[in-house]
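Number of protein chains: 2
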Amino acid sequence: MNPRFADWVNNVQETFVREILKVAANPQAISFAWGFPNPSSFPIQELQNAAQKVLSENGRSALQYSSAQGHLPLRQYIANRYLEKKGIKVDPGEILITSGSQQGLDLIGKIFLNKGDNVLIERPAYVGAILAFSVFEPQLRSIPLLDDGIDTGLLNEALKEYNPKLFYAVPNFQNPSGITYTRENREKTAEILENHDTIFIEDDPYGELRFIGQDLPSMKTYLADNVILLGSFSKTVAPGLRLGWICAPPQIMEKLLIAKQGSDMLTNYFSQCVVHQYLMDNDADSHIEGIRALLKEQRDFMLSAIDEHFPEEIEITRPEGGIFLWSTLPEGLSSVELFSYAAKENVIFVPGDAFYVNMKNTNTLRLNYTGSNEETIKEGIKRLAKAINQFMSDKII
Amino acid sequence: MNPRFADWVNNVQETFVREILKVAANPQAISFAWGFPNPSSFPIQELQNAAQKVLSENGRSALQYSSAQGHLPLRQYIANRYLEKKGIKVDPGEILITSGSQQGLDLIGKIFLNKGDNVLIERPAYVGAILAFSVFEPQLRSIPLLDDGIDTGLLNEALKEYNPKLFYAVPNFQNPSGITYTRENREKTAEILENHDTIFIEDDPYGELRFIGQDLPSMKTYLADNVILLGSFSKTVAPGLRLGWICAPPQIMEKLLIAKQGSDMLTNYFSQCVVHQYLMDNDADSHIEGIRALLKEQRDFMLSAIDEHFPEEIEITRPEGGIFLWSTLPEGLSSVELFSYAAKENVIFVPGDAFYVNMKNTNTLRLNYTGSNEETIKEGIKRLAKAINQFMSDKII
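Chains as they are written, first to last, in my numbering: chain A, 1 to 397; chain B, 398 to 794.
Because the hints were derived from the structure by calculation, they are not lab data.
Heads up, the beta-carbon is just placed ideally off N, CA and C, and yes, glycines get one too.
Keep in mind that the hints are not guaranteed to be accurate.
[Stated by the list, open to error] DSBU-like mimics (lysine-lysine), calculated; alpha carbons at most 30 Å apart, straight line:
| no. | chain 1 | residue 1 | chain 2 | residue 2 |
| --- | --- | --- | --- | --- |
| 1 | A | Lys-89 | B | Lys-419 |
| 2 | A | Lys-115 | B | Lys-779 |
| 3 | B | Lys-741 | B | Lys-757 |
| 4 | A | Lys-53 | B | Lys-450 |
| 5 | B | Lys-486 | A | Lys-22 |
[Claimed, not checked] Non-contacting residues of chain A with respect to chain B, defined by C-beta distances greater than 10 Å in every case (computed):
| no. | residue |
| --- | --- |
| 6 | Asn-114 |
| 7 | Gly-213 |
| 8 | Asp-215 |
[Claimed, not checked] Quick list of the computed label-pair ranges, beta carbon to beta carbon:
| no. | chain 1 | residue 1 | chain 2 | residue 2 | range |
| --- | --- | --- | --- | --- | --- |
| 9 | B | Leu-418 | A | Glu-379 | 56 to 62 Å |
| 10 | B | Gly-687 | A | Leu-72 | 31 to 37 Å |
| 11 | B | Gly-484 | A | Ser-340 | 45 to 51 Å |
| 12 | B | Lys-419 | A | Thr-221 | 51 to 57 Å |
Take the sequences, apply the hints, and build the full model.
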C-alpha cells in the first residue's frame with residue numbers, strides 16, 4: 001500500500017501531544033496540560049432525569065434523523081440567552097447546532113477558505129483553530145496579543161496588507177493566554193474592521209465563565225453581520241455531549257448548512273434533546289454560578305502557589321474568567337526544554353510552541369487549573385517551580 | 398457584508414431537497430423520499446436502561462472529553478464483530494468512531510484529496526458522498542452500476558486513464574440503487590484493483606440488513622490494507638445517536654486521527670458509552686433479525702404494489718437487503734418532471750439527478766420503503782402509478 005495523502009497532511013505541525021501523553025500516563029504525574037472541566041461540576045443526576053424524560057416521552061423522534069440545523073427549541077433557547085445575557089438579537093434560524101464548537105471552525109474553514117487565502121489569528125492562538133483551518137491550506141497570519149487584547153496597530157497593518165477573509169479570535173479569557181480584550185480594545189478593533197470585508201470569528205467557549213469584573217460587549221454589538229459567533233455547552237453543561245453552535249447571518253448560514261450535511265448530516269439529536277430538556281427543567285444560571293465559584297477558587301489556588309514558589313522572572317497572566325493561565329519564561333529559554341525538567345518532577349503543561357504557527361522553542365507555556373483540587377494544584381506548582389529553578393540555573397549560569 | 402466564499406461553495410450542485418421538503422410539509426403526503434429507518438425498530442427501553450447505567454455508574458467519565466479515536470470497548474466490539482460476521486481480522490486500533498458514517502467520508506476526503514485529484518464513484522452514487530468529497534474539489538469520475546455490480550470493463554479503463562486516489566463504493570444494497578455486487582463481480586473488481594494504488598472505500602451502512610440470500614465477502618478479504626471500511630449504528634441501533642466508524646490500516650489511521658481532532662475533537666462520548674452498554678446488555682443479533690424481517694415485509698409490500706400498479710415499461714430493482722428500490726422510466730422521460738405529477742398526487746420520492754454528477758433530467762428515481770406501513774406503501778404506490786400513467790400519456794403521445 002502506498003497511500004497518497006493530501007498536501008496539508010504532509011505539512012501538518014507536530015503538536016507535542018504524544019510527549020505529553022507519555023508523561024501523563026504515569027499515575028504520579030500532576031497535569032496542568034488539558035482544558036478539561038472539573039467533572040465535579042457535571043449535572044449528572046439532572047442529565048439522567050432529562051434523558052429518561054426524553055426517551056419515555058419522545059424516544060422515537062429523539063433517536064431518529066432530524067434537521068441538519070439542529071433542534072429548534074434548543075436554538076430558541078440559545079437565541080433567547082444571547083438577548084438576555086448579551087443584548088444581541090438573533091433569530092433561531094441564524095443558529096446551527098454543531099458537534100462541539102470545534103466543528104464550527106471546520107465548517108467555517110470549509111465554506112470560506114481556498115488554498116492560499118489569508119486568515120488572521122491571534123499570537124498565541126487556539127491550537128484547535130490552527131489545526132481546523134490548516135486542512136484548507138490558508139496563509140495564517142498571527143497578530144500579537146497584548147495585555148489588553150489584540151495589537152490594534154499591527155491588526156490595522158495586516159488588514160491592509162493581506163485583505164484577509166477571516167479574523168479568528170477568542171476575546172474572552174483566551175485559550176491559551178487567559179487574556180481578555182478590554183472594552184477600549186474591542187471598540188478600537190471594531191473601528192478598524194469596519195472598513196474591511198474581513199469576517200470576525202468570535203469564539204466564546206468561556207464567555208459565561210467570568211468570575212471577576214463585568215461582562216464586556218460581544219464584537220457582534222459593533223460589527224453586526226460581519227461577525228460569526230461560536231458557542232459551546234462543553235464548559236457549562238458537559239463536554240462529552242459534544243454540543244456547540246455557530247451563530248451566523250442567513251447568507252452565511254445557508255452555506256454552513258450545506259457544509260454541515262456533507263460533514264456529518266446533523267449533530268447527535270438525542271443529546272440535543274437531552275440538553276434542551278435539562279435546560280428547561282433546571283436553573284442553568286445557578287449551575288453556572290457554581291462553576292464560576294469553583295473556577296475562581298482553583299485559579300486563586302494556582303496563582304497564590306505561583307506567587308509563593310515561582311522565581312520572580314517568570315511572568316504570569318491573571319485571568320478574570322475561563323480556565324487557563326499563561327506563563328512567560330525569561331527570553332531565550334525554551335518551554336519545550338523546560339518540559340523535560342518538569343517531566344522528571346512529574347508535572348506537565350503544554351509548551352507554547354503548540355499555539356504558534358512556525359515558531360519553535362518559544363519561552364511560553366499554558367497552565368490549566370480546572371482539573372485539580374487545592375492540594376494537587378499546590379503540589380504541582382511546587383514541582384514546576386523546582387523544575388524551573390533547576391532549568392534556569394542550568395541555562396543561565 | 399460581502400462574504401467571500403470558497404470556490405466549491407459557489408459550484409455546489411442543487412439537491413432538489415427544498416422542493417421535496419415543500420411537498421413533504423403537506424400532512425396528506427406519503428413520502429418514499431428519505432432513508433429513515435422505521436422508528437418502531439428503535440430499542441428505546443433498552444437504550445433508556447443503558448443511559449441510566451452509564452450515568453449512574455460512570456457519569457463523570459461518560460460526560461468528560463475522551464480520546465479522539467473513540468471508546469475502546471466499543472472499538473473492541475466492532476473489531477470482534479468483523480471477525481465473527483465477516484471473518485476479517487482487525488485491531489481495535491484500526492477503528493475510529495465517527496459522528497455517523499457520513500463523517501467518515503469527510504475525514505477520508507480531508508486526508509486524501511487535493512484539488513483536482515481523481516476519485517471514482519458509482520453511477521448512480523450516494524449523494525452524501527458526492528457532497529462530502531465536493532468540498533475538496535476532486536474530479537469525480539463515475540463508473541456505471543450494472544445488475545451484478547460495477548461495470549468492471551469501464552472500471553479497468555478508468556483506473557488506467559485516471560490513476561484515481563480513491564474508488565468509493567457501496568457493494569451491499571447500494572444507496573440509491575439497491576444493487577449488490579455479486580461474488581464474481583467482487584472477485585473481478587479486486588483482481589483489477591490489485592495492480593493499482595487506488596484505495597477502495599467500502600461503505601457498508603446496510604451490510605447487516607440482508608433479508609434474502611447469503612452474505613458476500615467484504616472487499617477487504619481480497620484487497621487487505623488497500624481497503625477502508627465504513628460502518629454505522631444508524632440502521633441497526635438508531636440514527637439520532639450519530640455513531641459510525643472507519644476501519645483503516647495504521648498508516649492511514651494516524652492521519653485520520655489528526656483530521657478527526659481538527660473536525661470535532663471526538664465523537665459524542667456519552668452516546669458511545671450508551672450504545673456500548675446497550676450492546677453488552679442485549680442480544681444485538683436478535684434485534685437485527687427483527688429489523689431484517691420488518692424490512693423484508695416492507696420491501697415485499699412495495700414490490701407487489703408496484704407489480705400490480707406500475708405500467709410494464711417501468712423497471713425496478715429487487716434488492717436482497719437494505720432500504721431502497723431504484724426505478725427507471727422509459728428513456729427520455731425526466732423523473733424531475735414526474736416529481737411534479739407525483740406532488741399533485743401527494744406522494745414523493747427522490748429524483749435520480751441527485752445521485753449523478755453533472756447529469757440533468759435523468760429517467761431514474763429512488764424509493765424508500767422503511768418509513769411506511771403496508772397500507773401507506775400500497776396507497777403511495779397507487780398514487781405514484783397514477784402520476785406515472787398521467788405523465789407518460791402526456792409525454793409519449
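Hint-by-hint comparison with the structure:
no.	hint	result
1	Lys-89/A x Lys-419/B	28 Å, holds
2	Lys-115/A x Lys-779/B	51 Å, violated
3	Lys-741/B x Lys-757/B	22 Å, holds
4	Lys-53/A x Lys-450/B	15 Å, holds
5	Lys-486/B x Lys-22/A	28 Å, holds
6	Asn-114	5 Å, violated
7	Gly-213	28 Å, holds
8	Asp-215	26 Å, holds
9	Leu-418/B x Glu-379/A: 56 to 62 Å	59 Å, holds
10	Gly-687/B x Leu-72/A: 31 to 37 Å	32 Å, holds
11	Gly-484/B x Ser-340/A: 45 to 51 Å	47 Å, holds
12	Lys-419/B x Thr-221/A: 51 to 57 Å	37 Å, violated
Hints 2, 6 and 12 from the earlier list are contradicted by this structure; the remaining hints agree with it.
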